[in-house]
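**Student:** Listed below are the residues making up each chain.
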Amino acid sequence: MTTPAPASPAAGRKINRINLEVAAYRGGRTTLCAGCGHNAISERIVDACFEMGVQPERMIKLSGIGCSSKSPAYFLGGSHGFNAVHGRMPAVATGALLANKTLLPIGVSGDGDTGAIGAGQFVHLMRRNVPIVYIVENNGCYGLTKGQLSPTADAGSALKNGVVSGLPAMDLCALAVQLGATFVARSFSGDKKQLSSVLKAALAHRGAALLDVISPCVTFNDHEGSTKSYAYVKDHADPLGEITFVPFFDDISVEYDPGSSIAVTLHDGSRVVLKKLDDKYDPRDKLAALALLHESNQRGELATGLIYVDPAKPSFVDLLNVVDTPLSFLPEAQTRPGREALADIMARLR
Amino acid sequence: MASDVVNDFSIQVATVNGSGSQTANLVLIRSLFQMGIPVSGKNLFPSNIAGLPTWYTIRANWRGYIARKKDVDILVALNPETAREDVLALDAGAAVVYDAALKLDEVRADLTFYPVPFDELVKPVCPDAKLRRLVRNMIYDGVLSRLLGIDLAEMDRALEKQLGRKPKALALNRAALAAGDAYAAEHLSKADPFRVERMDATRGKILIEANAAVALGAMMAGVTVVTWYPITPSTSVVETLIDYMKRYRVDPETGKATFAIVQAEDELASIGMAIGAGWAGARSMTATSGPGMSLMAEFSGLGYFTEVPAVIIDVQRVGPSTGLPTRTSQGDMLSTAVLSHGDTKHIMLIPSSAEECYSLTMKAFDLAERFQTPVFVMTDLDLGMNTWMADEFPYPDAPLDRGKRLDRATLEKLPDWGRFMDVDGDGIPWRTVPGDGLPAYFNRGSGHNAKGQYSERAEDYTSLMDRLARKFETARRAVPPEVVDEVAGAQVAIAAYGTSHWAVEEARGQLAAEAGLATSYIRLRSYPFTQAVERFIDRHARVYVVEQNRDAQMLSLLKLDLTPGQVGKLRSVVYYTGLPIDARSISDEILAQEREARQRARP
Ligand SMILES: Cc1ncc(C[n+]2csc(CCOP(=O)(O)OP(=O)(O)O)c2C)c(N)n1
Ligand code: SF4
Ligand SMILES: [Mg+2]
Chain A
1 MTTPAPASPA
11 AGRKINRINL
21 EVAAYRGGRT
31 TLCAGCGHNA
41 ISERIVDACF
51 EMGVQPERMI
61 KLSGIGCSSK
71 SPAYFLGGSH
81 GFNAVHGRMP
91 AVATGALLAN
101 KTLLPIGVSG
111 DGDTGAIGAG
121 QFVHLMRRNV
131 PIVYIVENNG
141 CYGLTKGQLS
151 PTADAGSALK
161 NGVVSGLPAM
171 DLCALAVQLG
181 ATFVARSFSG
191 DKKQLSSVLK
201 AALAHRGAAL
211 LDVISPCVTF
221 NDHEGSTKSY
231 AYVKDHADPL
241 GEITFVPFFD
251 DISVEYDPGS
261 SIAVTLHDGS
271 RVVLKKLDDK
281 YDPRDKLAAL
291 ALLHESNQRG
301 ELATGLIYVD
311 PAKPSFVDLL
321 NVVDTPLSFL
331 PEAQTRPGRE
341 ALADIMARLR
Chain B
351 MASDVVNDFS
361 IQVATVNGSG
371 SQTANLVLIR
381 SLFQMGIPVS
391 GKNLFPSNIA
401 GLPTWYTIRA
411 NWRGYIARKK
421 DVDILVALNP
431 ETAREDVLAL
441 DAGAAVVYDA
451 ALKLDEVRAD
461 LTFYPVPFDE
471 LVKPVCPDAK
481 LRRLVRNMIY
491 DGVLSRLLGI
501 DLAEMDRALE
511 KQLGRKPKAL
521 ALNRAALAAG
531 DAYAAEHLSK
541 ADPFRVERMD
551 ATRGKILIEA
561 NAAVALGAMM
571 AGVTVVTWYP
581 ITPSTSVVET
591 LIDYMKRYRV
601 DPETGKATFA
611 IVQAEDELAS
621 IGMAIGAGWA
631 GARSMTATSG
641 PGMSLMAEFS
651 GLGYFTEVPA
661 VIIDVQRVGP
671 STGLPTRTSQ
681 GDMLSTAVLS
691 HGDTKHIMLI
701 PSSAEECYSL
711 TMKAFDLAER
721 FQTPVFVMTD
731 LDLGMNTWMA
741 DEFPYPDAPL
751 DRGKRLDRAT
761 LEKLPDWGRF
771 MDVDGDGIPW
781 RTVPGDGLPA
791 YFNRGSGHNA
801 KGQYSERAED
811 YTSLMDRLAR
821 KFETARRAVP
831 PEVVDEVAGA
841 QVAIAAYGTS
851 HWAVEEARGQ
861 LAAEAGLATS
871 YIRLRSYPFT
881 QAVERFIDRH
891 ARVYVVEQNR
901 DAQMLSLLKL
911 DLTPGQVGKL
921 RSVVYYTGLP
931 IDARSISDEI
941 LAQEREARQR
951 ARP
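Residue numbers (the numbering used here), protein chains in the order written: chain A, 1 to 350; chain B, 351 to 953.
The following block holds chain B by itself, in its conformation from the complex (with noise of 0.2 angstroms):
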């Protein structure tokens, strides 16, 4: 047997759609979790209720790299359909726990198995034959805390935490879990060299979904109305959103909400009426993904020339058009940049962890409101739909940011008012809204003029459109600023955003182990970029820009902003195959692409 490795494995459980894993994947996780060992899930699912393959990936590390690992270690094979294929797929070395009738072990002869005979087990533990197939995925947990030499009491703490309103099910997962524990401790003997460890570095943290992130931010920015339509992969963030609401946001004396959560009837409706309800003065978002934010164009670019506050989150996932909607992109970034006609440009924050989805969802609220225009939060279903570790979130420090809304006494001390006077310079004009009694105007997508009336002039046209790019700029210094890691010295860097951060973080400790590649790095958080973002480039002599797309929207984007010579230094590294990204990806690709470089530069 090789020598150990001690927490850094991936798992892959190959089950049905539908199958009741969840519990079981869940209990894994939060288990090594508890022993405080980094670890994040990733559930790569059809888009299909019950009947399809579907895959669950857990990552341990003990350095904290958390990216999807692109080779499996430990595959538990319990899809007959997909087994042997899943088994052919492996790297020489791995594990394979599976369901003893499959005789999976005939496939190949360079692997471990370990036949587990799932029905005989869970029989005596579950007598009820129609709550077998539920009970069942416990028996695999069992079996790899013996295996791994994860604790058995902190799976059992796990489950606790998991199904402890249920007793019934508690009971009978409890029994599950030994019996693949006991069965396990009998008759396998420990052949692969994959081993877990308690480690400290989970302290603190919680494991969070982060659409459910999303929600929080949402709400401890003061949402007050939230209208939304069904779409894989945001659905979760309403959803989760309207159960922390229930809770937290309902007047306990009347019983009265301090909000409106609507189901619109289509993606025109849900940002038609958050954009009804910016203009009316209230904390509006909705959610959607890419179908929904092709319908959303036409009000995008309302709200960007009629200056209207709200908080569009976009879960991206797979296109064109319904593409694969239940796996993950980062596929709307350019789209989404200049969404609807015209010249029409769009603030948008992109997070790259669960932390991130809960401060620039609260970020986004301020800044829809300080700059009275449509807000973009891009994250993904990587992102949105999986499990990460994150730190606990912080109570904001500061006061909502309400932006130019209009007081009596601010308004007797301006000089001259109209809706879309720009007094301070800085592009943003002061707003009233319906009902708050001060002068009102006439908001409309035609052309108008600094009072809001309708015109077609060119002088009224042009020093509208310049107005809301000074504006434009004005964001520039208000976004959250890129994060920047710049190794001393480094020629080769790195640009990312989102969920790509991970595995760049990875391949860079790759690239410098293996290859001796130093390099630095930058990740983009907001669009419009910040001055750092040139300056960074300037003191690189190459920079690749790490994405989850084809056609390198972000290289795109960053181009509009730079001079050819800093054009000239980025590189494009691309990925898209509905996956996460992993870091493998990127370091190959990096060194590929530098190999060249110097063949090219030899005479």
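If we strip away everything but chain A, and leave its shape as in the complex, we get (with noise of 0.2 angstroms):
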């Protein structure tokens, strides 16, 4: 529950650059479904906080409500977190930014939490550019009321208890890009390597970052006839390209074939470099994002990796023109008017 104070480690053990070791990043003991996706995300969250070297002071985490909303406790315990209403975790997010610009808010919602009761919420959120990582933990169902379908389920796609999805699934990536997101990435809970990755660049990202992991419901969700499964994510995920993430603060240069690969500076210095599979492919090109999840789409695959960003855009905050110390630290000298304020308001209305 408390903030770890950085303290020289035991030999041997491993230490991130602002002294802190992984444990600092982890929260309580996780009491999902063994075997759930959203727990392995939850790892790579602790992870790729901790290769950053992330202060957890400054990082805050929110969500709404559902199994994947829940996962927040599961991580960053020497962060504030807030498990808000169902679908609502935007307008709390906007609001603890609004008073403190400084924060470094990640948010956790599920496919339901996003898709269904929050499609308002998220529709803002992304179209105000809200300098977030917003992680939806989609497994096409509502986990935590017991395995309804969810409107990221596809069409076609049973439930365990039978039920077939009638209508077309939503896809929060081409949603996120048509409305003004500025990182848009898909990954799925089992991989590791690139759900590492998306999540560190994610983190040095100023903007809306919207991440879809697909992360299977072993309880309700994960047999044959689900698009969200384990093995039909394996067979159909079509990887962009391999991303490496490389952090501004390393002093690593990684070589690339220019021919092969391309480079995005994001917020902070840092690098996404896409060493790619496919030639024509640029994720700061927003066209070619929705043509490429329209494209996966219609042949049922699942485009995975960096889809969308664009680095240069100012995020909501930068654009409200506050002063530099976060409000809610402001002292009443600088909220309250002085006596000659007053007096000149009085006057007017005298």
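Because the hints were derived from the structure by calculation, they are not lab data. Predicted, not measured: the structure shown is a model, and the values here were computed from it. Be careful, since some hints might not be right.
To be verified - Straight-line alpha carbon distances no greater than 20 angstroms define the calculated DMTMM-like cross-link-like pairs of lysine to aspartate or glutamate that follow: (1) B/K596 to A/E332; (2) B/K555 to A/D344; (3) B/K420 to B/D776; (4) A/K193 to A/D235; (5) B/K754 to A/E332; (6) B/K540 to B/E431.
Got two chains here, separate frames each, mind docking them using the hints?
**Tutor:** Next comes the structure, spelled out in structure tokens:
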């Protein structure tokens, strides 16, 4: 529950650039089902935050309601967290950032929490380009209420109870690109390497970063007929390229064959290097991103990797033009106008 | 002609929405105000941008009774659609200034008629035909100044105050004012008893719409995060606040703001953002009205249960549902007290005046942080959107109360800390905020123990709920107390709140003067109530609870706190037409119930 002080680690223990051990980024013990994709994502978040050396006290973790939304209790125990109401985490995150623009929020949501009850708030979070790492742990069903269809369930996919979705699936990535998110990626809870890279890059990005992470629900939606099962994703994932994330503080140079890779510099100077599988793909091209999503959907495939990025667009808090000190820490002298101000106003009303 | 009636009349101006009569009406009020006469102005308008009938009522009263008066003494009839109906509704003896073309003198014979050829008068004054519609209204101000004896120089001053920055409009309106005055001097002979005389009852006072007073209270409380979604009648709270903040809360050196104001996508988001900001340590607020309050229910419960400060301004309008969006009501009292599911209870502050809209809004921020909970300021459309006299607002005399926000020194002194641990026995725990470097905690709307950890244990739940109840009891001693005016020996008393206050004061005068009935009065200003309410009820035989809703909502809230004996003394007076309550409706109802009680008491 408390912020761990940077201590010198026992010999042989691995520490990060701010002298913290990985334990400083862990949280409480999970209460989710064994094998649930959400748990794997929590582990990747712990690793990514550790490797990036983010300060736990600067991070906040937020969520709505669902199995996925429970998971912030299972990572970053030294960071403030807020498990809010179903579908409305975007508003809470936005408000917290208004209070303190220096915070680094990680939001965790589910496909129901985002695509159904929270669709409205999700739309406006992306449209505002609120600087947040927004992770949808997408299992195509409602886990916590025991297995109903969610809006990301593919048309024709069947639930364990036999109910078949007759409606088209909502593509959260396409929606986010279209709405104005500036970092859009898709990954799979079981793909350690790719998910880590994507998470670290999202942490370095300043703007709305949507991570649509396919995360099988082993209890209600991991059977034949489900397009969000381990087996299906393993067979149908279509990685855009191999992603390497190069944090700006690591003095390493990675050599890539210029003909087959593309590097994008993020807000803090970090770089995402995309080793291309598909020669034509450039994640800075919005139209290409939308076309890719559309085409892979048509083929029944999942495009994974970094789909779209625009590191230059100012974020929501950049546009607010507020003082440098977080509003939550402004002293009274700066927030209560003096006597002359009130006298001035009264004189006009006399 | 009957004997003169000095400084005691109501004027009703009947026009069409969007016809620009606002300037003329404000000049009329302001000139009376400048002459030292207590005055109020109420806009009774439709939910429409242009084209539907609208009435503006001005009340001048030397005693200071500025509630809406039931009967109209002087009608200014400019709306052809409603003119006949408006005239038929008058009491005998009233005066009518009207557009001569409407031929209203044919309708009744027991009124004083003053026909004015508006179109003819406006032509030479305003050569530009397109502007005439706007300038035309100033003519009735000129006519009234002559008929009532309002100093034309005061009208001119008021006009300058209103339009000073627009020289062209000022010149046109001045000419129209003069034309109306000259016409009345030449063609109308005074035949009604109403007139004004200078007084000295408005010295040191201001004229303000109380939504602006709320905005001022918020700014002076040091609000830093404001999130909102437009809805009548709360919109002008935030729009005025934006103006003030731009002027007084921008760092002159850097040009950067010490606040953030965000128009959200709906009220679910506006309160969600306010809660997020309050959790993260900002002084946050949102403003809304009935439909928005309904949407805010779930988050209000979250704020209560997870102990997050935020201020919610509810400018009440007529419900249920969309109801009458531009009419006034006190219809959200009961639902707000318990807004959200489960055992939720909220602190509400209830201003009656512009002064209190300022001071209680400021207080709401202190209470929200002190008690770590959403606090609701319950005003209404009548207060918020109408023009009120007020004493000048005093500069706050106490520093901001940021409540139990932990710092390192305090943390070290505490024997133990958990976010929801009651270390001081007052039900209020200590909190940390993100980014302060102090111990973090996980805030959750689900069951939690004193450390904020997930818990479904019965003992954890009941002890949390009991502590929240204890906190509410602590609040009972910190909220603004009721204002009591006790008359020695009075058996009958009135309890009221909010804008009903003005009509109650006048009704007490009527009861005393016309029926010899002395009444004590308690004005409620908060929920929870203080102990004073019970003691007050104990000292009286019957207490009439006056309110502007159908279901006697405040009476229901009182019942929750009272003994059966005390409840037995409560009577209800309700008024729910959408118009601001008037004194006569109260005094008539109280007398009727008193008579009934006497009859029943007879063997
Ligand atoms: C207002 C409201 N309605 C309904 C619920 C019940 N509910 C809890 S979680 C949930 C669905 C969660 O699905 P998803 O977001 O996909 O999360 P998962 O459990 O699959 O990770 C629902 C409907 C609720 N908590 N609040
Ligand atoms: S029900 Fe599904 S989503 Fe929920 S914890 Fe279990 S596996 Fe995960
Ligand atoms: Mg789900």
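**Student:** Which numbered conditions among the earlier hints are violated in the structure presented, ordered from lowest to highest?
**Tutor:** Numbers 3, 6, in rising order.
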